[in-house]
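Asks: So you can see what is in the structure, the chains are spelled out below.
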Amino acid sequence: MDYNLSRIDYTVCGVTCPDTLKILPAYGQKTEQKIVIGDKNGVLQCFGIKDEEPVVQFKTLPGKPITSVQLAAASGTQSDKIFTASGNEVKGYTRKGKVFLSIETALTETITAMAFDFRNVVGSDLILCSGRTVTYYRDLREYHSYVCEDRVLDIATFAAPNNARVRLVVLIANKGAIILENGQLVARTSIPSGPTRLGVLATLHTADIFAFYGASDGSIGVLTFEHSVFSSKCLIEGRGLGSVVCFGWFYNNGGAHLAVGRYDGSIQLYLVDLENLSEKPRLMFTYLCGEPVTSISGGCVGGNEEGELIAATFSGRVFALRHSRMISGVANIIRASNDNLAARRAKLEQEIARLEKQTLNEREKYQRSTRSLYAGLSTPPLLNIQHEISGATKEGWQELQITSAVPLDMLFIYCNKKLHMLTDSAAVLSICSSQDNASDMLATVRCQAGMMRVWVRMRDISNKSLTSRSESKHVFVYVLPAGAPRVARLITLKLPTLPFYSQHEELNADTDSRSRSWCQLQVTGSFSVAEITSWLSDALPGELPRPTTNIAFARSHTLLGTIIICKYQRSLAIFKSDDVSAIAIIRNIVSNCSVEKRIRLDISCDIPDSYCLDSFENIKNKLADEYQKHKTIILKNSIRSLDLDYNLLSLDSEEPLLCEDYMLACKHVNNDTIQTYFTELVETILQWYNDWLSICLHSHNMKDDEQRLRKALMENNLEEVINIFSHKLKPIL
Amino acid sequence: MQISTVQPVFKLELNHKVTPNIVTIAKYDGTHPCLTACAGYDKIIIHHPHGGLAGRAQRSQAHGEVSELNLSQAVIALAAGQLRPDSNKDMLLIGSPTQILAYDVHDNTDLFFREASDGVNVITTGSFGKYTETLALVGGNSSVHGLDWEGNEIFWNVVSGKVCAIITFDYDKDGENELLIGCDDSYIRVLKNNQFIAELTETGPVLCLTPVNEVRFAYGLANGTIGIYEEGIRLWRVKSKQNAVSLQWSGESLACCWGNGRIDWREGSSGKVLRRVQMRTNGAAMLLCDYRSVGAPDLVCVSDKGEVLGYPPYQENANFNAASKKSLPSEEDRLAITELFNKKQALLVELQHNEANAASATSTDPEKPATAMPTNTKLQVAVVPSCEQGVLQLAISTNNETVVRAALVLAEGIFESGETLARHPSPAQLRSILHVPLCPPRDVPVDVHIKALVGYPESEQFHIFELTKQLPRFAMYTINPNSSYNKTIDNVTFRITERVQRLCIWINQNFLLEEEMELETEEMKELHVSLFCLRDRSILDMDFFADGHVKFSTNDLRLAGDLVQSLAVFLNLSDLQSVAHFPEAEKSLRVEMENASQIGQMRSRLAAETAERAQLITALLPAAQDAASYDLKEMLNRYKEVVMLNEELLTGCHIRRATQEQAVVSLKSLHRILQQAARLRVGKYSKDVVAASRRAVKENNIEALIKILQVGDS
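Protein chains in written order, with this note's numbering: chain A, 701 to 1433; chain B, 83 to 796.
Simulated from the structure, these hints should not be mistaken for laboratory data. None of the values given here were measured: they were computed from a predicted structure. One or more of the hints may lead you astray.
[Claimed, not checked] Calculated cross-link-like contacts (lysine-lysine; reagent style DSBU-like; alpha-carbon spacing at most 30 Å):
no.	chain 1	residue 1	chain 2	residue 2
1	B	LYS323	A	LYS1117
2	A	LYS764	B	LYS425
3	B	LYS426	A	LYS796
4	B	LYS569	B	LYS669
5	B	LYS426	A	LYS1047
[As the list claims (entries may be wrong)] Partial list, computed: chain B residues near chain A (C-beta under 7 Å):
no.	residue
6	LYS323
7	ASP415
8	THR420
9	ALA428
10	VAL431
11	GLU432
12	ASN439
13	LEU503
14	GLU542
15	PHE544
16	HIS545
17	ILE546
[To be verified] Quick look at which bits of chain A chain B covers, simulated, 3 or more residues with Cβ under 8 Å:
no.	region
18	955 to 961
19	1040 to 1047
20	1052 to 1065
21	1080 to 1091
22	1105 to 1119
Glycine residues also receive a C-beta, built at the ideal position from the N, C-alpha and C atoms.
Could you put the whole structure together from the sequences, leaning on the hints where they help?
Replies: Written out as structure tokens, the structure reads:
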């Protein structure tokens, strides 16, 4: 940790969306810059800082939620025009707060989905991203648009070489990034860690395309386009840090720093080498603020020569991180600032006293209404709560993240099926005894004081029967806040039946891999694309593509690497996979759903006879590796239970008490870094075998074979396994 | 809260593992403190930075300043104190499963060696009550006793659960220390003058206790709760996922060492965390000792890998961190401002919420929004005993068409899993009334907090109603619906001089009856109540006769004791003698005494056999080795014999272990009956029961014991 920055609180605004705080450039002689921030109440405010106290320049009236704020200006001048996006509207403000532009776009469809997103203004060009489309406006008229495979997350503009066109780098959820020029796709690259945001150095709007990206696993990397090759490279690994929410730039004597705001409430400063941008940035500073950081930006706000870092959080706190040298500083300055501080504190205390009185009045008013005979309706607004559920990790955990603008007290979770659960270390999970029917699950998660976000991990209790595996789980989460609005928000979730298939794959790459043993399921009948999409939403995690006439996509298994390809249109759906269990589950779901909807379907399966053998060949090496790890862990555990002291053992080097392998295991007996998925793999292979047998309808003599197979797998007797599988090659008639 | 960067003032590695909670610090030479710990099963390590030790202790190979002491038995507890009145040297007390050894480390002599038939769980040293000299206080599986420096038993008493923590503490501020005993049956008991004067009900096994100041003490439970009591009233408590290993009061703050190696300092009056550090591995112990000899005690934290860290007493603003050493007053202001902003934000949210609510209330939208609820909705809660299911039904209902979507009941110690019970009816079963079954497993007053979510079935947001309901001590007993049940003959009778009206009040306060008990006429002098236990469907009859005789008829000895104690507290009785008639308990008393004496005989026989065989082996082994030089066949035979003997020894060992376990069990149930017998009396009579029964047990006098149970004295 090279820098020592401390926090100074500036102000409070409403709940903020990512990247809605900007710092206006200095104007004229002054060096002080101003902060502009837009919140979900629709209030855009611009303020300067004097003596650590905000001085509001202008403030708009509440309106539609502001989802994006950008600064821009005609080329050549300072970018001091403020543009905000809310709903389907774009507004432009001067630095004095005067509206000079207000347009309502024709982006009707996506506006209903409230996925409007406005990004960038270059000259008189305006590019808007909404949902999956990128729309290009020239002189406020729609010029062209491009539809991407998934949600558009972020966009950056670069000049195209040798002409006046603009090249766009577009970040697409779950996929990667593409380059657009003139409404045409130029290049694409994939980012497997799930991109979230782009960070572009302001001085770098040149011909070379170069941008940093942040990912949902916390990693940071670069996107480069050189010699017509668009590529991504990971620079900093996530290492358990939260997903990247926002980027900002911070300059001081040390150089340029990439500031990163994360979902887990941490802020990092990375020193970037401007000469060699693809060098790994150096971590210089970390700060934890406790709630998700939505925007971060550097600038000279407080009237000091040296810059400070301004951050906004989800719940609407705006604070600065300033060098402690500037806080402590020279003695007389301290005294002056101390007086200021005391005054500021007193003022705040006064304000709070006033607010307390006001809320007390309101409370009384409400209390009166509860006693009146005339029953009015109490309709409190919905609590500001965001939630997100991830696809399964290798261990099968699906993580639900809940972010709230008010501190949380408890979560109450109900599921119609039994689940394994885990939660934050700062929260206490307690599983309640179940209700009358024993199949459901009730749990509470009690949060520590002041917690504003919490995660809960859920995992299926492994169940063998195909019917129970093809039932999706409904989870109700009631979020109870600790403080004032005494209301509980209900979040309804559906856990998919194939949680592992959360990785998006490109279609062309995997279809030609011949080594896979493809199983195919073909469904025909009178169903619409919307219907099959809704059926599939029971099976696959994450968002599915919106219904269009023709849909094709591929997903891969996080642990096994198997692939499922879905291609469907009206009245025809084809699913291809090298995982027979997935095919069996999809078949079950589709047939169940069609029965519910009373739609006649023709379902046909094409499973290769040598499926088990071929698939086993593919997974064999993985299994052998995991078996080795599994054995090491067993050895470690037994050595640990002997309670030997390594220090004492190694003293006697003349006559070793343990053999070399054991000594090695003994030395590392206490670091549990090795994880094994051996049992999971064994279970999967057994499952494949069972599903293959049942789907191919030769279900005789299963028990015996299953036991033999399990034994062979557990002992890692690969030949025996292959024997069993090849024996089954030709079905016994 | 972030992990503080506070650096310890000293740090050392023992290079030995440390068994959690078996650690003490003693001044064996009277001046220099030595850290003493159990390093796995039967090994004791002594850290002596101020010079070596003589005698039995061997210098450790792994660390130059550590000596090892090997016992032949597992080490369960360690303690040290100036037991000898003629010396200022600390004596080491070592507790093994069945024995207590007092050892003078400095002079390498044994002070005493005693069999502890009731086992040893915890040992401390200290003086309490009228005993002026330092005693070794030993907590067993169901008893607690005090030993002087020669190993003589000074006092003895029974407790109902395994003793997990003992401290000496002046509970009633009379200038004399009392004994605070934490048990695994979730009680903290106060023993004064060999008589229990208070009983604090907790929600889990009590693992650690520590005195804070004259009136306060801190406690830690096995469910992760820690807290502070002031004059018998809980000031605060917090619950964590981890268990507290040790609590210490250091520098005006409560330091707590958690099982995962985290140490936090908390404010004494509120429990707010002031500072937090994390050790590299799990915590084993934390002691308060002037280990650096600087005049003020440091916190000595020991991890299970043998890492020792010393922290000075907590001081505010002393951040130890070199960078922020020149801590400024402005820093405080700044933190306060951040706090104030937090407050402001919360208030603003509430205001906005209220405003939005008021705004939407004026609009006359006929559609019910997803968050609506009539403003005059009220929630009612009632507790109804349900005889069929044997539970108390908590009925939660609203007064209009809104439904109770879900209910959470928070209470500790009454649910089999976790701290909450929830009900979430399926959509078809949504009503404006919801029943939650409660079944407190023991007779203690319980506070249940209820959170009910109220709204319409399709709502997306529900209103939270919070209520607290107190269940009285004997909530699980309800009026007997039909008197045809067999009356029980087991009873306890005693005599009080009190008006029936007062007894009525006691019943109404301590029982949960559907209708308040009322006297039909003013002249009524007698009261007869027949109650029905929801747990086991047994019958409890309470008869209050006109002449002051009271008779509680139940076949549950413990319940009878609870009733007597509760009534005595209510009527403020200092002493009460009673006559008990419990044939079942008498029978089991006989059985247990029989068992105990049999096991005692068997144990001595087995011990003799073992000694004999061990001697044989020691003789045979060298013989076998000798034989190797001249006759291989002979050697083989002798070795075979050794193996055979060894096997016999092993079987003998297994038998001994089994008998030991059996002995512990029967001793425990014996102690339980005696404790319950003591609880049938109050004050000095209760004390007499304990004293008399100890005498009787020693003399193995079964008849006397039964007499004590019946009339309170032999």
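Asks: Work down the list of hints and note, for each, if the structure agrees.
Replies: Comparing the hints with the structure gives:
no.: 1; hint: LYS323(B) / LYS1117(A); verdict: holds, 26 Å
no.: 2; hint: LYS764(A) / LYS425(B); verdict: holds, 26 Å
no.: 3; hint: LYS426(B) / LYS796(A); verdict: holds, 28 Å
no.: 4; hint: LYS569(B) / LYS669(B); verdict: holds, 20 Å
no.: 5; hint: LYS426(B) / LYS1047(A); verdict: holds, 12 Å
no.: 6; hint: LYS323; verdict: holds, 6 Å
no.: 7; hint: ASP415; verdict: holds, 4 Å
no.: 8; hint: THR420; verdict: holds, 5 Å
no.: 9; hint: ALA428; verdict: holds, 5 Å
no.: 10; hint: VAL431; verdict: holds, 5 Å
no.: 11; hint: GLU432; verdict: holds, 3 Å
no.: 12; hint: ASN439; verdict: holds, 5 Å
no.: 13; hint: LEU503; verdict: holds, 5 Å
no.: 14; hint: GLU542; verdict: holds, 5 Å
no.: 15; hint: PHE544; verdict: holds, 5 Å
no.: 16; hint: HIS545; verdict: holds, 6 Å
no.: 17; hint: ILE546; verdict: holds, 5 Å
no.: 18; hint: 955 to 961; verdict: violated (count 0)
no.: 19; hint: 1040 to 1047; verdict: holds (count 4)
no.: 20; hint: 1052 to 1065; verdict: holds (count 8)
no.: 21; hint: 1080 to 1091; verdict: holds (count 4)
no.: 22; hint: 1105 to 1119; verdict: holds (count 6)
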